[in-house]
Amino acid sequence: MAPILAVRRLTKRFAGLVAVSAVNFELHDREILGLIGPNGAGKTTLINMISGTSSVSEGDISFNGRDVTHLPAYRRARMGIGRTFQIMHPFPGLSVLDNVAVGALFGRDDSDRNLARARALSREKLDFVGLAHRAEQRAESLGGPDRKRLELAKALSMRPRLLLLDEVMAGLNLVEIEEVIAVIKKVRDGGISILVIEHVMKAIRSLSDRLLVLHHGEKIADGAPQKVLDDPQVIDAYLGRKRA
Amino acid sequence: MRRSILLGVVGIALIVLATAPWFASASLIQFGISTLLLATLAQSWNIIGGYAGYASFGNSVFYGLGSYGTAIAMVQWHLPFGVGLALGAALAVIFAVMIGVPVLRLRGHYFAICTLALAEVMIAIVSNLDVAGGNTGLVLPLLRGDALFYELSLGLLVVTTLVVLWIAHSRFGFGLMAIRENEQAAAVMGVDTTLYKVLAFALSGVFAAIAGGIHAYWITFLDPVSAFDIGLNVKMIIMSVFGGPGSILGPVVGAFLLSGVSELLSTEISTLAALFFGVVIVVAVVFMPRGLADVGRRFRQLGWRYFAENVRTHRV
Amino acid sequence: MSLLWQVLLNGVLLGGLYALMALGLALVWGVLNIVNLAHGAFIMLGAYVCYYAFTGLSIDPFAALPLAMLVLFAFGYLLQRYLLNLVIRAPMFNTLLITFGIDVILTYLAQIAFSADFRTINPSYAGDNFALWGATVPLVRLLAFAIALALTLAMWLFLSRTRLGRAIRATAQNLIAARLYGVEPRNTYALTFGLGAALAGVAGGLYGVVSQVNPYIGTSLTAKSFAIAVIGGLDSPLGVIVGGLFLGIVESLTSLYLGPTYADVASFGILVLVLIVRPTGILGRTA
Numbered sequence: 001m002a003p004i005l006a007v008r009r010l011t012k013r014f015a016g017l018v019a020v021s022a023v024n025f026e027l028h029d030r031e032i033l034g035l036i037g038p039n040g041a042g043k044t045t046l047i048n049m050i051s052g053t054s055s056v057s058e059g060d061i062s063f064n065g066r067d068v069t070h071l072p073a074y075r076r077a078r079m080g081i082g083r084t085f086q087i088m089h090p091f092p093g094l095s096v097l098d099n100v101a102v103g104a105l106f107g108r109d110d111s112d113r114n115l116a117r118a119r120a121l122s123r124e125k126l127d128f129v130g131l132a133h134r135a136e137q138r139a140e141s142l143g144g145p146d147r148k149r150l151e152l153a154k155a156l157s158m159r160p161r162l163l164l165l166d167e168v169m170a171g172l173n174l175v176e177i178e179e180v181i182a183v184i185k186k187v188r189d190g191g192i193s194i195l196v197i198e199h200v201m202k203a204i205r206s207l208s209d210r211l212l213v214l215h216h217g218e219k220i221a222d223g224a225p226q227k228v229l230d231d232p233q234v235i236d237a238y239l240g241r242k243r244a
Numbered sequence: 001m002r003r004s005i006l007l008g009v010v011g012i013a014l015i016v017l018a019t020a021p022w023f024a025s026a027s028l029i030q031f032g033i034s035t036l037l038l039a040t041l042a043q044s045w046n047i048i049g050g051y052a053g054y055a056s057f058g059n060s061v062f063y064g065l066g067s068y069g070t071a072i073a074m075v076q077w078h079l080p081f082g083v084g085l086a087l088g089a090a091l092a093v094i095f096a097v098m099i100g101v102p103v104l105r106l107r108g109h110y111f112a113i114c115t116l117a118l119a120e121v122m123i124a125i126v127s128n129l130d131v132a133g134g135n136t137g138l139v140l141p142l143l144r145g146d147a148l149f150y151e152l153s154l155g156l157l158v159v160t161t162l163v164v165l166w167i168a169h170s171r172f173g174f175g176l177m178a179i180r181e182n183e184q185a186a187a188v189m190g191v192d193t194t195l196y197k198v199l200a201f202a203l204s205g206v207f208a209a210i211a212g213g214i215h216a217y218w219i220t221f222l223d224p225v226s227a228f229d230i231g232l233n234v235k236m237i238i239m240s241v242f243g244g245p246g247s248i249l250g251p252v253v254g255a256f257l258l259s260g261v262s263e264l265l266s267t268e269i270s271t272l273a274a275l276f277f278g279v280v281i282v283v284a285v286v287f288m289p290r291g292l293a294d295v296g297r298r299f300r301q302l303g304w305r306y307f308a309e310n311v312r313t314h315r316v
Numbered sequence: 001m002s003l004l005w006q007v008l009l010n011g012v013l014l015g016g017l018y019a020l021m022a023l024g025l026a027l028v029w030g031v032l033n034i035v036n037l038a039h040g041a042f043i044m045l046g047a048y049v050c051y052y053a054f055t056g057l058s059i060d061p062f063a064a065l066p067l068a069m070l071v072l073f074a075f076g077y078l079l080q081r082y083l084l085n086l087v088i089r090a091p092m093f094n095t096l097l098i099t100f101g102i103d104v105i106l107t108y109l110a111q112i113a114f115s116a117d118f119r120t121i122n123p124s125y126a127g128d129n130f131a132l133w134g135a136t137v138p139l140v141r142l143l144a145f146a147i148a149l150a151l152t153l154a155m156w157l158f159l160s161r162t163r164l165g166r167a168i169r170a171t172a173q174n175l176i177a178a179r180l181y182g183v184e185p186r187n188t189y190a191l192t193f194g195l196g197a198a199l200a201g202v203a204g205g206l207y208g209v210v211s212q213v214n215p216y217i218g219t220s221l222t223a224k225s226f227a228i229a230v231i232g233g234l235d236s237p238l239g240v241i242v243g244g245l246f247l248g249i250v251e252s253l254t255s256l257y258l259g260p261t262y263a264d265v266a267s268f269g270i271l272v273l274v275l276i277v278r279p280t281g282i283l284g285r286t287a
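Here the protein sequences come in this chain order: A, B and C. If you use my numbering, the first sequence corresponds to residues 1 to 244, in order. If you use my numbering, the second sequence corresponds to residues 1 to 316, in order. If you use my numbering, the third sequence corresponds to residues 1 to 287, in order.
Think of the hints as simulated: they come from the structure by calculation, not from any bench. Idealized CB from N, CA, C, for every residue including glycine. A couple of the hints might just be wrong.
[Said to hold, decoys possible] Here are a few chain B residues that face chain A, going by a calculated C-beta distance under 8 angstroms:
1. Gly175
2. Met177
3. Ala178
4. Asp192
[To be verified] Pair by pair, the computed Cβ-Cβ distance ranges are:
5. Tyr181(C) / Ala182(A): 44 to 52 angstroms
6. Ser220(C) / Thr220(B): 23 to 31 angstroms
7. Leu143(B) / Leu109(C): 39 to 47 angstroms
8. Ala90(B) / Trp133(C): 20 to 28 angstroms
Put together the whole structure using the sequences plus the hints.
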């Protein structure tokens, strides 16, 4: 089967600095691909290019067989690419329910334009992530872990085919991490392919079908989790030993 | 329960306002026309400033375009008033689309400054157009009957408010509010932000333009400085902000209240009225930055602490 | 040809003064992230201080400049300390609005206090000129230009070389860290805003000598200061000088070829164009 997402020679330059350099990879249907690498490796930049938040310097991205490299972010959202942000991006003055309803109303091309039904769908998503009891609260009043749940619910309400998760587990305790892993697996079982950026090693290892490692913007490993984590290059990258 | 009371109050107010020409004095009717037009301006600003969150400091341009569109149509081409209004509205839409696309890419305060500068530029441009009568302006045909203008203005305000009501409950309005709250997140969730911003800008322009057209015909005279009156921006923004940007009735209430008080003060010294607006903005921004509508919503929970809370969260 | 040279020279001299005007605005914007819509009103007030010092106390207007600086500094400090500090952590729009309101209040108070008549400050040497390569240079304009440039340089040195200047910039960049170092933000903010107001005050005094003043000049001066700040960027006084000279020359040329009523249009028009084309300015970043 053709991959859901294919990224070829993807490169991003910022005024002299190369943040992402000629990265190639594929993501298959219902696969969970973990994206790891030391800080500053370019992971978020890579996701930004896939979601359309950042422009592409070189290379191309194809989603479901279509070239989306230069499509604006909202078009990609309508095609089925959803994402969460590491620095969370709620709509602060809107209620938690309405935050999610935006995704329901605008997410996919065939999304429902009816406000009432969009809100009903949003309630389901809030239930799914465990935020239903806060539906009427203003989004800005939520605490850290709840904000992460909201980010996820917002992305899910778009009914994406591809979900890009950017560090959803940072700052969570062990119990909460287990919950998030379970939720992500449930999302995948519902038919969504997922690309996850994460720093919590134990979590990413048990969650991912495959791991992709970035270092200084380049891909240095791609494969089964245990193999990748045992790879000396990857260990070097994290421990910072200079390669000869 | 509360909603039906509100509807009742609005209904009664509408009836009183609509029948006013029969029992109010001539000067009160004139005051009424000015206030109704100002309220329309505040409400139209609400669409781009309150719902979309793009604070335009130059919506006076649309008002001026509407005034001149109507005047030129009637004076130079001898077309009827209705056509004149339509021309003014069309000019507003064209301006909103052509200028809106580049200018709406600017963030918050840059957008504000840019629209302010645009407002000034338009005055100078129009002053040099012969078809617009240059610096001397145009004189429109006289139509007696303030009552007619009054009802027209009231009708316009009602229509504008109904449009805002629709926006508040529609997918379009949802998109605007998402843009206001977090534009980047809105884009990534599928909102075509450029299209929606331009639409909101054009919509706010249309109603401001029609208000300008009615005003021009009513006072029968316009020149560039008064048609594109920069001071209108002050008024429409603070009326909307004071009443509650992003609410349905806030700007209307704000306009009526502030107009009323300013009129009372005007009878004393005319500069005092302008001073009054300045003081209102300052006090409102410190203690009730989200307007009366928000005060109404949260006063019940917080009481007088509401005002202190606003200061506490915003001060250093 | 010599007409062109005269016009260019006029533009340069005016531009230096414009740069000083814009400096205060750029400082407050860059450091405090406050876009002060009342900036032009501060300039106007500075002009009136010098005017009344001259007509009432017979103090030479250039000698009265420190007085204007002091008065406006105190005013700006108090305004920031006890009013603007209350809204400084609110969304940008709130500070825009509140300074808008302050501008309206100051303008109309000035109207009541000083009347709407145009005033000029006319010291005895106001008519003195001298020749420079075929062009006539009024002494007062040259003096204004020199003072403006000197102050801009002094400001740059202050911000980059002195402890207080660096504290101001540090507070802007990182409030928490600054607090840890014992910097009291309320005070620092007030000092910065006071400094911006003082600069406006001096610029106003100089403006009063080279041009006419009435309560309503504020708006267009604010807009010009914006244009310069946006063109030149907020971080470099050098950028402000370049921006000021650019605007001065453009206005002068526009007056010559299109007529004086177009001078304002030129500045507003340039502002719009620069914002649309390159909001980050030519020489520096914008906040």
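Cross-check of the supplied hints:
no., hint, result
1, Gly175, "holds (7 angstroms)"
2, Met177, "holds (6 angstroms)"
3, Ala178, "holds (5 angstroms)"
4, Asp192, "holds (5 angstroms)"
5, Tyr181(C) / Ala182(A): 44 to 52 angstroms, "holds (46 angstroms)"
6, Ser220(C) / Thr220(B): 23 to 31 angstroms, "holds (30 angstroms)"
7, Leu143(B) / Leu109(C): 39 to 47 angstroms, "holds (40 angstroms)"
8, Ala90(B) / Trp133(C): 20 to 28 angstroms, "violated (54 angstroms)"
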